[in-house]
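Peer 1: Residue numbers (the working numbering), protein chains in the order written: chain Y, 102 to 838; chain V, 21 to 83.
Quick caveat, the hints were computed from the structure, so don't treat them as lab data.
Bear in mind the structure is a predicted one, so any value in this text is a computation, not a measurement.
Glycine is no exception: its CB is placed at the ideal position from the N, C-alpha and C atoms.
Keep in mind that a hint or two might mislead.
To be verified - Using C-beta positions, here's what the derived DEER-type ranges look like:
no.: 1; chain 1: Y; residue 1: V690; chain 2: V; residue 2: H55; range: 46 to 52 Å
no.: 2; chain 1: V; residue 1: R53; chain 2: Y; residue 2: F803; range: 23 to 29 Å
no.: 3; chain 1: Y; residue 1: T177; chain 2: V; residue 2: R53; range: 18 to 24 Å
no.: 4; chain 1: Y; residue 1: V349; chain 2: V; residue 2: R52; range: 29 to 35 Å
no.: 5; chain 1: V; residue 1: R53; chain 2: Y; residue 2: Y775; range: 46 to 52 Å
no.: 6; chain 1: V; residue 1: R25; chain 2: Y; residue 2: V349; range: 21 to 27 Å
no.: 7; chain 1: V; residue 1: P59; chain 2: Y; residue 2: V690; range: 53 to 59 Å
no.: 8; chain 1: Y; residue 1: L127; chain 2: V; residue 2: R25; range: 30 to 36 Å
no.: 9; chain 1: V; residue 1: P59; chain 2: Y; residue 2: E793; range: 51 to 57 Å
no.: 10; chain 1: V; residue 1: Q26; chain 2: Y; residue 2: N144; range: 33 to 39 Å
Unchecked claim - Partial pick of chain Y residues on the chain V-facing surface, computed with a CB cut under 8 Å:
no.: 11; residue: R328
no.: 12; residue: A387
no.: 13; residue: H453
Unchecked claim - Heads up, incomplete: computed chain Y residues facing chain V, CB under 10 Å, no partners named:
no.: 14; residue: V198
no.: 15; residue: A206
no.: 16; residue: F237
no.: 17; residue: L289
no.: 18; residue: S333
no.: 19; residue: V398
no.: 20; residue: G596
no.: 21; residue: L758
no.: 22; residue: A760
no.: 23; residue: S761
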Amino acid sequence: MTATATPDTGRWTPRSIAIWTAVAVLGAVAWGILALARGESVNAVWLVVAALCSYAIAYRFYARFIANRVLGVDDTRATPAERLDNDVDFQPTDRRVLFGHHFAAIAGAGPLVGPVLAAQMGYLPGTMWIIFGVVFAGAVQDMVILFFSMRRDGKSLGQMAREEIGPFGGAAALVAVFAIMIILLAVLALVVVNALADSPWGTFSLAMTIPIALFMGFYLRVLRPGRVLETSAIGVALLLAAIVLGGVIDHSSLAPAFTLSPKTLVACLVIYGFAASVLPVWMLLAPRDYLSTFMKVGTIGLLAVGILFTLPVLQNEAVTKFASSGKGPVFAGPLFPFVFIIIACGALSGFHALIASGTTPKLIEKESQVRMVGYGAMLTESFVAVMAMVAASILDQGLYFAMNSPPGVVGATVQSASQAVTNLGFTITPDQLQAAAQQVQEQTLIARTGGAPTLAVGMSTIFSGAFGGDALKAFWYHFAIMFEALFILTTVDAGTRVGRFMLQDTLGNIWKPMSRPSWRPGVYATSAVVVGAWGYFLWVGVTDPLGGINQLFPLFGIANQLLAAVALTVATTILIKSGRVKWAWVTAVPLAWDAAVTLTASWYKIFSGDPLVGFFAQRDKYQAALDAGKVIPPAKSLDDVGQIVTNSTVDGVLSILFASLIIVVLVDAARIWYQTLSGRREPVLAEAPAEESQLWAPSGLFPTAEDRARQAELRAAEPVGARRDRSGGSGAPKDGT
Amino acid sequence: MARVRQAVSGALWYVREVMGENAYDHYLDHQRRDHPGEPVLTRRQFECRRMAGMEIRPGQRCC
């Protein structure tokens, strides 16, 4: 009984009532200002306040309800980390440290890109989805999957789907995981290509990360084994030097060597991805990961401080006309379902289910900590997405549309872009466009799609407002580009490797040697297949006359939400099978919403008659042109037209594949639900048997007074050195430091 | 002053933990506790083993 006495015992004191009332009122005021302001300027700080107050309330009340009532976390029960502790995969880890690991694993470029694109419909729809989505769907998914995987000794999502739903659902989940990974890697790599194309500064500084990582790897391996901190400090210093040096290169005779076309960049990325997948991890992958973790946390912190310092005013409208017309240039299609597809990471991201059922459940110390680690880390990612929305919304809207419309719409010159922006209903003069590019020392900002350059301009505006002024604008711009590209490449490295292992595993079932990690031909072949798969979509994205991002990003969103549907289906199935039907709505409602969003979006992508939205309508339009030998814009030649036909066919077939996968998983699960509820089948759960826990640790971020008393008691009772508790308690370093 | 020192050392402890700098110390603790008397790996050997583990279990990184 005592072990469940967790931080918030739920007792109300006059003080806690006053605090929570104040939080609720402040949050309501912020939401009111955001929702009701029309035509007057709104300060970005209200977005931040609305988000933080909503998160606080959700974490305090809803997450606690889910943990205690729905999941029934039980701190007297030993977690796999305690039972199976082997100091390798299973290891009780301090909750705050695990939060850091988990956050670093789930958050990448996704929450920074989606909101930037969704800003075309105004800041309000996207922000509402980011906040309500995370509270009721995204963070819930992460927490329940973490919990269920923890109860199953850290089984993966695919394994849980197979055991709890059936072989069909399991196989569909596996295909979904692989498909989303390929699309994800292609889209993220496309963001990098669009950010670096014809930009010697950005290309140089990103290229320098490779020798920097190799040096760090060598240093860690040979000179100072395990000294991660000093190695990372050296790496970050070198990285900043590389950004500064990039500015020098930009003006030197070396600039042409680093001015690469999108197609060349694709070739570089593909070669790089292959190399990173076959080289030993200590050489490239591990040091890059350290570097990227450092930069990620540092930059996100810097952005939060910058926003609070400069208190920028939003230039974007709350809801733009593209929200209702669905004819926006950044991505086509109506607000429902496409805002919910474009913003996946930050609101609801199925990919997280892979991490929540990967390493994290094997490290968690106490069951009740799923709330802080699972729900808490996802709230943090959501906050990153809100900041990205702020960064995109403080830009002049003319500039926003000039940057984010595909080349087919805005053309290549400042004049054509200015004209196109005017046609869209916004204004920016050619001179202003030129000046904006010069300020960040880029040749052009026109049609720099993919979100990264827009975010970088937004961030440089915020940072230069807070630190350094206009003189540093170009530095901050390239800093932001570098930071995004850095952790996108980390995802590409890791993703290619994980994809390679999945493929090796699957092929190993057919031919044994394939699954052996040390068999080089197998390693090379599977790496080439994975790199080739995402490389194909990347190439398509770069060369697509219709613009790669607006074609591929919706597919990425659909794939990600599809994985979320699998995760939420698994969770709902487990709740039903374990006799908790009355709580099944906690995951079933987000599942219903997610299925509605994903299937509606797939419906549009497959059946819409509008060639801007539907892939097959697009195919028919260009096929007809091809048959007639006519070139219709934005295609410039018959080859272009043929290419559009091929691309839209591939994209359309993928949409069909994704939609069918969701339906297969849902139908298979519904069968199990029906059989269980009607009593036709005795529910069999694959949960690991309970064992009593010998470990104690606080469950919340801050230990309560009771926690502290307990901690002191335990410390006094145990001899030094025999302590199993790895938690440092109130933030004090533990023994040995 | 003592509080500042505590905060700094707490932060340092946190960063070292998150980045895995303390992994070797944890390994030594683990050996002492669960396998007393057995020979322990040197730091260099331990870090090589840790990297070899990452080789076959790459950490997933999300979007």
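Peer 1: Decide, hint by hint, whether the structure agrees.
Peer 2: The hints, checked one at a time:
Evaluation of the 46 to 52 Å hint for V690(Y) and H55(V) yields a pass: the beta carbon distance comes to about 49 Å. For R53(V) paired with F803(Y), a C-beta distance near 28 Å keeps the hint of 23 to 29 Å intact. Checked against the given bound of 18 to 24 Å, the beta carbons of T177(Y) and R53(V), roughly 22 Å apart, stay inside it. A hinted range of 29 to 35 Å is violated for the C-beta pair V349(Y) and R52(V), which are about 52 Å apart.
A C-beta distance of roughly 50 Å is found between R53(V) and Y775(Y), which places it inside the suggested range of 46 to 52 Å. At about 41 Å, the CB distance of R25(V) to V349(Y) disagrees with the hint of 21 to 27 Å. At roughly 56 Å, the beta-carbon separation of P59(V) and V690(Y) lies within the given 53 to 59 Å, and the hint holds. Between L127(Y) and R25(V) the beta carbons are some 35 Å apart, a value that agrees with the proposed interval 30 to 36 Å.
For the hinted restraint 51 to 57 Å between P59(V) and E793(Y), the CB-CB distance of approximately 33 Å leaves it violated. The hint said 33 to 39 Å for the Cβ distance between Q26(V) and N144(Y), and at roughly 37 Å that hint holds. Residue-level restraint check for R328(Y) holds (minimum Cβ-Cβ distance to chain V is 7 Å; threshold 8 Å). With a cut of 8 Å, the hint placing A387(Y) at the interface with chain V holds, because the nearest CB-to-CB distance is about 6 Å.
The closest approach between the C-beta of H453(Y) and any C-beta of chain V is roughly 6 Å, which is under the 8 Å cut-off, so the hint is satisfied. With its C-beta approaching chain V no nearer than about 4 Å, V198(Y) sits inside the 10 Å limit, and its interface hint holds. Among the interface hints, the one on A206(Y) holds; its C-beta lies about 6 Å from the nearest C-beta in chain V, closer than the 10 Å criterion. The beta carbon of F237(Y) comes no nearer than 20 Å to any beta carbon in chain V, farther than 10 Å, and the hint placing it at the interface is violated.
The closest approach between the C-beta of L289(Y) and any C-beta of chain V is roughly 7 Å, which is under the 10 Å cut-off, so the hint is satisfied. Taken as an interface hint, S333(Y) checks out: its beta carbon lies about 7 Å from the nearest beta carbon of chain V, inside 10 Å. Using the Cβ-Cβ criterion of 10 Å, the hint placing V398(Y) at the interface with chain V is satisfied: the shortest such distance is roughly 9 Å. Proximity of G596(Y) to chain V holds as hinted, the smallest CB-CB distance being about 7 Å (cut-off 10 Å).
Evaluation of the L758(Y) hint against chain V yields a violated restraint, the C-beta minimum of about 20 Å exceeding 10 Å. With 10 Å as the threshold, the beta carbon of A760(Y) stays out of range of chain V, its nearest partner Cβ sitting at about 21 Å, so the hint is violated. Given the 10 Å rule on beta carbons, the hint for S761(Y) is violated: about 23 Å separates it from the nearest Cβ of chain V.
Checked against the numbered hints given earlier, this structure breaks hints 4, 6, 9, 16, 21, 22 and 23; the rest are met.
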